[in-house]
Amino acid sequence: MGNITLRNVSKVFGAHAVIPSIDLNINDGEFVVFVGPSGCGKSTLLRLIAGLEDVSDGEIVIDGKNATELPPAQRGLSMVFQSYALYPHMSVRSNIGFPLKMANEDKAVIDKKVADAARVLNLTDYLDRKPRQLSGGQRQRVAIGRAIVRQPKAFLFDEPLSNLDAALRVNMRLEISQLHQDLKTTMVYVTHDQVEAMTMADKIVVLNRGRIEQVGSPLDLYHKPDNLFVAGFIGSPRMNFVSGAPAAAYQAHTMGIRPEHLVLSKESGTWGGTVGVAEHLGSDTFLHVNVDNIGTMTARVGGDFAVTHGDRVFLTPDAQRVHRFDDKGLAVR
Amino acid sequence: MATLHTRSAARLMIAPSVLLLLAWMIVPLAMTIYFSFLRYNLLMPGMEEFAGFSNYKYFLTDPAFFHAIFNTLAIVLGVLFITVVGGIALALLLDQPMFGQGIVRILVIAPFLIMPTVAALVWKNMFMNPVNGLFAWVAKLFGLQPFDFLANAPLMSVILIVAWQWLPFATLILLTALQSLDEEQKEAAQMDGASAWSRFIYLVLPHLSRAITVVILIQTIFLLSVFAEILVTTNGGPGTQSTNLTFLVYAQALLQFDVGGASAGGIIAVILANIVAFFLMRMIGKTLEA
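Those protein sequence lines, which keep their order, are chains X and F. Read in order, the letters of the first sequence correspond to residues 771 to 1103 in my numbering. Read in order, the letters of the second sequence correspond to residues 183 to 472 in my numbering.
Next up, chain X with everything else stripped away, as it sits in the complex (with noise of 0.2 Å):
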């Protein structure tokens, strides 16, 4: 039903290409996203697939038909944008009922239709309201609702939960995630927070560049990035990395271990150095500690690990959650 292809898909602009060449595959009913730093390419990417951009080189296959030449609204694709986009003049049962209404569907049609996603939605009781009489979170939900009623074979979702606040986030993350599940329908998303990638998606795919860096499953790239990039963008805290003599020691040119994977002591370890700044989020710490010869690294413990700062403490890594690199930042395995 909605399975997309991009084969050598490049962007140029002028002389500057965004996008060099990328080949992915996503599958019926996946949910991918698209993560990466801001400038790497990845709403380009979205917009390539959308047809809001028109590709430099290469194919975009939507359903086993070339879809390269297609014009946005015949790629049978649904977006919901990062300002949401809503037609500020248009009550909300308009605003949702828009795509029908321009397929020149019929107007009981359109107004079950409304309804149903209206319901499914939660947004039955604010469908006479105008857009700019919701909260931000009604907003959404009226562009998802705009999104859904077409049955579109993909939904596209551009950062669509960068405006809202950090409770109302992972509320619609909830309910985005639980929309793919009812639905099934395949979603792409575009994110610069790796925190929704990793919750969200069936497969993520990290965008560096205008380059996939890596494409996998969120514990896939946890476990066993391919490269630097992938094992310092993935994980919250970040990775800690060394290079150096104690990255020698494990046969590598850069030693990666994340905060979590350190086991600290006030006693001994393979590392001293002193706590720089302790984070107390109650449930972990999270340590900035100053190791000797080596510099700053991260350490998560539990929360009643008792230390402030100045204090001396010992970090000694778990061999068995080491990750090395080559000289070129590729993963040793």
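These aren't lab readings, by the way, just hints derived from the structure by calculation. Treat the numbers as computed from the prediction; the structure is a model and nothing was measured. Just to be clear, a hint being listed does not mean it is correct.
List time: in silico PhoX-like cross-link candidates among lysine-lysine, alpha-carbon distance up to 25 Å [as the list claims (entries may be wrong)]:
1) F:Lys239 / X:Lys900
2) X:Lys900 / X:Lys923
3) X:Lys835 / X:Lys882
4) F:Lys468 / X:Lys923
5) X:Lys882 / X:Lys900
6) X:Lys871 / X:Lys883
7) X:Lys871 / X:Lys900
8) X:Lys973 / X:Lys954
9) F:Lys368 / X:Lys877
10) X:Lys973 / X:Lys994
11) X:Lys835 / X:Lys994
12) X:Lys994 / X:Lys1036
13) X:Lys883 / F:Lys368
14) X:Lys900 / F:Lys322
15) X:Lys877 / X:Lys900
16) F:Lys306 / X:Lys871
Covered by chain X, according to a simulated footprint, are these stretches of chain F (three or more residues, beta-carbon under 8 Å) [unchecked claim]:
17) 362 to 370
18) 422 to 429
Cβ coordinates follow ideal geometry from the N, Cα and C atoms, glycine included.
Starting from the known structure of chain X, arrange chain F on it as the hints suggest.
What follows is chain F alone, placed relative to chain X:
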């Protein structure tokens, strides 16, 4: 202006300008009202006497008055129609990326900077003149009889000239409004399968509604008092075919030297303008509060 003290201080500060503006308005208005009740002819100085409402009676029963009312409305509505429709079209065109955009935009704005008398003279002598005009030359090129615009279609010619002058204003306001339309909304409509025409009807036009109201309001204020273009081109004629209310009052005062009658006409014009303003403000209120 939080405290009582600052508020009264502020009132004190603005009082001089308010009083000045009030006097500025009240004195001419009072004098006009006063003159409108006098038999006051410039050819008979010193013979002024109270005339009651007879000035109003003569002005309102003058067949030229109804002609002038019709012409005033025709000029306002005609020019508004041309400038709004043309302004939207031009704004849409100028919003497209093209070569030499900056120069083209300046060229489009140029007519607004030309003073009305000059513009009207240029149109009268260089375009509409049946012997030397550009239109006559084009007509002859196709072997047609040149059309004497100002003699045969004076009102339409005046409307055309005034519309040409106001088109840049409408274009400019509408263009800036157009540029403030959110790009993502247009893209969303594109994804929703809206054609270019549907996007214009359902997205662009509602977005422009405020700007259109502003254009209509501001232009109406100025179009009710079009004068220079008529004086320079047709002198209100032939007959009263292109006489509007402003020109009629002028003719009464300075061609027939009847100051009393002209004053009565002026007061009537003020009343009519206020009626128009009342309806305009209601319309504006509805659009702008959204």
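For each hint, the structure was consulted:
1. This hinted pair does not check out: F:Lys239 and X:Lys900 have alpha carbons roughly 53 Å apart, beyond 25 Å.
2. Pair hint X:Lys900 plus X:Lys923 does not hold up; C-alpha atoms about 28 Å apart against a cutoff of 25 Å.
3. A distance of roughly 31 Å separates the Cα atoms of X:Lys835 and X:Lys882; the hinted pair therefore is violated under the 25 Å criterion.
4. Straight-line distance between C-alpha atoms of F:Lys468 and X:Lys923 comes to about 42 Å, which puts the hinted pair past the 25 Å bound.
5. Distance hint between X:Lys882 and X:Lys900 is fulfilled; the C-alpha atoms sit about 20 Å from each other, no more than 25 Å.
6. For the hint pairing X:Lys871 with X:Lys883, the CA-to-CA distance comes to about 11 Å; that is within 25 Å, so the pair holds.
7. Distance hint between X:Lys871 and X:Lys900 is fulfilled; the C-alpha atoms sit about 18 Å from each other, no more than 25 Å.
8. Using a Cα cut-off of 25 Å, the hinted pair X:Lys973 and X:Lys954 holds, with the two alpha carbons roughly 15 Å apart.
9. This hinted pair checks out: F:Lys368 and X:Lys877 have alpha carbons roughly 24 Å apart, not beyond 25 Å.
10. A threshold of 25 Å between alpha carbons decides the hint, and for X:Lys973 with X:Lys994 the separation of about 14 Å falls inside it, so the pair holds.
11. For the hint linking X:Lys835 to X:Lys994, the alpha-carbon distance of about 34 Å lies beyond 25 Å, and the restraint is violated.
12. Simply put, X:Lys994 and X:Lys1036 have alpha-carbon atoms about 30 Å apart, too far for the 25 Å limit, and the pair is violated.
13. Annotation: proposed proximity of X:Lys883 to F:Lys368 holds, straight-line Cα distance about 23 Å (limit 25 Å).
14. Restraint check: the Cα-Cα separation between X:Lys900 and F:Lys322 comes to about 58 Å, which exceeds 25 Å; the hinted pair is violated.
15. At most 25 Å may separate the alpha-carbon atoms for a hinted pair to count; X:Lys877 and X:Lys900 meet this at roughly 20 Å.
16. With a C-alpha separation of about 50 Å, the suggested pair F:Lys306 and X:Lys871 falls outside the 25 Å cut-off, and the hint is violated.
17. With 5 residues bearing a CB less than 8 Å from a CB of chain X, the stretch 362 to 370 of chain F meets the requirement of three and the coverage assertion stands.
18. Three residues within the 8 Å Cβ limit are the bar, and the stretch 422 to 429 of chain F against chain X gives 0, so the coverage statement is violated.
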